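A.B. asks: Sequence:
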Amino acid sequence: MATSKAAICSEKYTGGYDEARHPVDHERNASWLLSYIQLSRLNPPISWFLVFLPEIFGVLHAAAALRSPGRDVLCVAAVILVHSFFISNAGVAWNDLVDADIDAKVERTKNRPIARGAISRTAAFVFVCSQVAFAGICLMPVPRAAVVAMGPIVVSTGYYPFAKRHIPAPQLVIAFCMSWAVMFGRLAMGRDDDRGHWMNYKPVVYLMAATAVWTVLCDTVYAHQDLADDCKVGVRSLAVLVQGYAKCSLWLLLVAMVMLLYYSGAHDGVAYHVFSVGGCAVYTATMLALVDLKDPVSCGKWAGSSFGFIGFLIASGLLAQYLAT
40 MATSKAAICS
50 EKYTGGYDEA
60 RHPVDHERNA
70 SWLLSYIQLS
80 RLNPPISWFL
90 VFLPEIFGVL
100 HAAAALRSPG
110 RDVLCVAAVI
120 LVHSFFISNA
130 GVAWNDLVDA
140 DIDAKVERTK
150 NRPIARGAIS
160 RTAAFVFVCS
170 QVAFAGICLM
180 PVPRAAVVAM
190 GPIVVSTGYY
200 PFAKRHIPAP
210 QLVIAFCMSW
220 AVMFGRLAMG
230 RDDDRGHWMN
240 YKPVVYLMAA
250 TAVWTVLCDT
260 VYAHQDLADD
270 CKVGVRSLAV
280 LVQGYAKCSL
290 WLLLVAMVML
300 LYYSGAHDGV
310 AYHVFSVGGC
320 AVYTATMLAL
330 VDLKDPVSCG
340 KWAGSSFGFI
350 GFLIASGLLA
360 QYLAT
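Quick note on the numbering used here: the sequence shown kicks off at 40 and runs consecutively.
None of these hints come from the bench; they were simulated from the model.
The structure presented is a predicted model; accordingly, all values stated were derived computationally and were not measured.
Don't take each hint at face value.
[Unchecked claim] Below, a list of computed lysine-lysine pairs in the DSSO-like style, where the Cα atoms sit at most 27 Å apart:
1) K333 <-> K286
2) K271 <-> K144
3) K271 <-> K149
Modelling step: build the complete structure from the supplied sequences, incorporating the hints.
C.D. replies: Below, the structure is given as structure tokens:
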């Protein structure tokens, strides 16, 4: 029997498990390594790079302002790449641990490792704690201000699974995590010399806001995969909130993101505006024109690719600006 596109999408992007593509039950549960890879969303490592991207935004933004040597930028980038690996593992595993009962009731997520019983709740909790500990160790080389800035990210990441039960727009919690990661990257690069001067902070604040809007936009498309199930089980999301005018809302978010990216780099060179502003505008508009919000496969495909590609475009513009300084 042919494997469905929906099953492939679920396994690829959400840590699901398609029984048609792998051995069942006893063999499946015995494959602990595969289960932890799925729990960590490492096949492919989309979650890891989604955590890394906003942090590298901050690093490159600060490096351009400070005219930092390339060696320093590479060293900091390497540290946050490893750190983001562990913090991503902890975040997605914690989300699955808290959401296990709900995941079991949702078609797309019912085969996640905890929901299907391949990993126990106790083992998952130990895994989360170990990843947080390793992430903390990775922060030893960075400035103290960056370590302090990681605090709000950890707290909000821990709250996110509960936000889906408490507030109508839990995407805002993830958006805060992603946007504050820009500040973390900036501080990791040592950009803390203009504290208290609002005008000096304006560009990075605009970049943080653009990152937040990018996150909300893509995650709202992503959430449309589960719209029917979320309505049944009572999970809140922006996809549920904006039913009936979702496309209009997403187009408004696109306009806001492009404007914020423009204002963040209003005084930057041509390369930044070509990649970060123009590239994001064209690609995101293409996604919104082509995505079918009523088709879970279409939503999963476009959300998964757009998260990474838009982030890559923003990072490319910031890198081009750094190289031009």
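A.B. asks: Hint by hint, say whether it matches the structure.
C.D. replies: Right, here's what the structure says about each hint:
1. K333 <-> K286: 11 Å, holds
2. K271 <-> K144: Holds, at about 9 Å.
3. K271 <-> K149: Roughly 15 Å between the alpha carbons, so the hint for K271 and K149 holds.
The structure fails none of the hints (numbered hints given earlier).
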